[in-house]
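Engineer: If you read the sequence shown in my numbering, its first letter stands for residue 1, the second for the next number, and so on.
Rather than coming from a laboratory, the hints here were simulated on the basis of the structure.
Check before you lean on any hint, since a few could be wrong.
[As the list claims (entries may be wrong)] Calculated lysine to aspartate or glutamate pairs in the EDC-like style (CA-CA distance at most 20 Å, straight line):
hint : residue 1 : residue 2
1    : LYS249    : GLU169
2    : LYS94     : GLU8
3    : LYS94     : ASP213
4    : LYS94     : ASP13
5    : LYS88     : ASP189
6    : LYS89     : GLU248
7    : LYS88     : GLU248
8    : LYS88     : ASP213
9    : LYS245    : ASP98
10   : LYS246    : ASP13
11   : LYS246    : ASP98
12   : LYS89     : GLU16
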Amino acid sequence: MNFNLMLELAKRDFIERYSGSALGFIWSFIHPLITILIYMIVFGNIMGARLPGMPSIYGYGIYLVSGLIFWLPFSNTVSRASTVFIEKKNIIAKIHVDLPSLPLFIVISESVTFVVTLVIFTSILLFTGYPLSIYFPLIVIIYLFQQVFAYALGFFMGMFVVFLRDLKEVVIIGLQIWFWFTPIVYVFDILPPGAQQILIWNPEFVIISASHDIFIYQTLPSIYNLSLVLVIGVLLVVIDLILFKKLEKDIRDFI
């Protein structure tokens, strides 16, 4: 794996998002700042949305944002990794690239965005006097577990998108459906028991619930459930590598 190449691609990917704009890199702070403020003000002050048992007027906004800051890098990583071999075919054609490592630059780039958003979010919480949980440092571990799973899933889909380009649209639609099967905009407890039994098998339910445990309920997330997400991610990586070993020649030919 050429780690320096992955860092360079991640750097270029992050910079190119704001290339040509007058403020450049500053937009990476402005975008999440405005988005978070809109969610918290609109749902808290204007719509008056409240979470049961939570007195803060910003409760629902915090609930929503604490879910989105994890969902967005997951969704972006999976969708972008699923097309990375097609989009970077010029680089693959010019130099020998270790293909399994190629999606890592997306993971790195999305992680930078995640850190920026997390810093802004926590700064706003502290500014409003909202207390941070003693379990806040676990956010890093939760994110790492999620991104192992996201990388594995994106890599898996990416191998098949090479052969069937329409699959990238299926991935996008699948992620949209997945979003609504994850308690981000609604509270898990409002669902009927049958729906709850289905959702608990969703790895992103575990991740988002862990974020809510820390930001909203100030409790320790289930380490067991989080470990299962990591195990699923690692097992999928192993499956990816075995499958890639069999398909590598065909993948490079189709690219």
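Engineer: All hints are to be evaluated individually against the structure, with a verdict given for each.
Structural biologist: These are the hints, each one checked on the structure:
1. LYS249 <-> GLU169: 25 Å, violated
2. LYS94 <-> GLU8: The hint holds at about 16 Å.
3. LYS94 <-> ASP213: 47 Å, violated
4. LYS94 <-> ASP13: Since the Cα atoms of LYS94 and ASP13 sit roughly 19 Å apart, the hinted pair holds (cutoff 20 Å).
5. LYS88 <-> ASP189: Violated: LYS88 and ASP189 sit about 43 Å apart, past 20 Å.
6. LYS89 <-> GLU248: Judged against 20 Å, a Cα distance of about 14 Å means the pair holds.
7. LYS88 <-> GLU248: Holds, at about 16 Å.
8. LYS88 <-> ASP213: 39 Å, violated
9. LYS245 <-> ASP98: Within the cut-off at roughly 12 Å; holds.
10. LYS246 <-> ASP13: Given pair LYS246, ASP13 is violated - Cα atoms ~30 Å apart, limit 20 Å.
11. LYS246 <-> ASP98: 15 Å, holds
12. LYS89 <-> GLU16: 18 Å, holds
Violation of the numbered hints given earlier is confined to hints 1, 3, 5, 8 and 10; the remaining hints are satisfied by the structure.
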